[in-house]
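Asker: The letter at position 135 of the sequence shown is residue 135 when you use my numbering, and the numbering goes up by one with no holes.
To be clear, the hints were calculated from the coordinates, so they are not data collected in a lab.
DSS-like mimics (lysine-lysine), calculated; alpha carbons at most 30 angstroms apart, straight line: (1) 39 to 50; (2) 160 to 50; (3) 160 to 39.
Label-pair restraints from in silico Cβ distances: (4) 42 to 127: 24 to 30 angstroms; (5) 63 to 136: 20 to 26 angstroms; (6) 25 to 140: 33 to 39 angstroms; (7) 63 to 148: 19 to 25 angstroms; (8) 123 to 155: 16 to 22 angstroms; (9) 147 to 69: 24 to 30 angstroms.
Here the structure is a predicted model, which is why all the values come from computation and not from measurement.
Note that CB positions come from ideal geometry on N, CA and C, so glycine has one too.
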Amino acid sequence: TRRDLMPPDWIDALAQLQDGTPALEWEQVEQVVEEGLQKSITSAFASFDKEPLANASIAQTHLATTHGGDRVVVKVQRPAIEISMRGDLDLLYIGARLLESTIEEMSLYTPSDIVAEFERGLLRELNFANELGNLETARALLDPAKPITVPRPYPELSCKTVLTMEYFPGRSLRTLTTG
Numbered sequence: 001t002r003r004d005l006m007p008p009d010w011i012d013a014l015a016q017l018q019d020g021t022p023a024l025e026w027e028q029v030e031q032v033v034e035e036g037l038q039k040s041i042t043s044a045f046a047s048f049d050k051e052p053l054a055n056a057s058i059a060q061t062h063l064a065t066t067h068g069g070d071r072v073v074v075k076v077q078r079p080a081i082e083i084s085m086r087g088d089l090d091l092l093y094i095g096a097r098l099l100e101s102t103i104e105e106m107s108l109y110t111p112s113d114i115v116a117e118f119e120r121g122l123l124r125e126l127n128f129a130n131e132l133g134n135l136e137t138a139r140a141l142l143d144p145a146k147p148i149t150v151p152r153p154y155p156e157l158s159c160k161t162v163l164t165m166e167y168f169p170g171r172s173l174r175t176l177t178t179g
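Just need the whole structure built from these sequences, with the hints factored in.
Answerer: Pasting the structure below:
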């Protein structure tokens with residue numbers, strides 16, 4: 001959503017993927033968290049806000065408190081998002097193969113390979129265990145004396161579809177750049 005890289009209309013449309021997605025029903029959030037963590041929300045967290053902090057196309061976040069008293073953000077994956085994304089990827093593959101079979105110049109770009117790379121990245125993003133690992137790596141690499149910090153992940157309260165991390169109050173970067 002960088003306005004220096006794309007036309008404003010595109011940026012506005014892409015921003016809807018981050019901010020314009022309807023919130024999940026509480027029952028859906030509860031089911032994803034409890035199935036993913038293999039325990040009830042009340043046994044996993046001392047408190048869990050039912051209203052989302054933010055929501056986007058792949059997941060939404062909720063504020064919660066651990067039983068140890070830490071304020072955390074819990075990122076909850078949308079139910080069936082992987083199935084939906086795989087359907088979208090199938091359509092991209094069909095389009096890519098169509099381009100490759102009808103436009104000779106497409107052999108220079110190999111659209112199917114581009115879609116395959118996009119698929120690998122998307123499937124990595126859908127597995128929150130990868131994001132948890134990235135948080136752990138980034139925290140290990142940062143100098144504690146520097147004024148940069150990365151939220152502490154909570155592996156015991158995370159899985160493929162749920163990511164729990166330290167809560168940092170703040171504003172969206174988009175609000176800082178757009179006013």
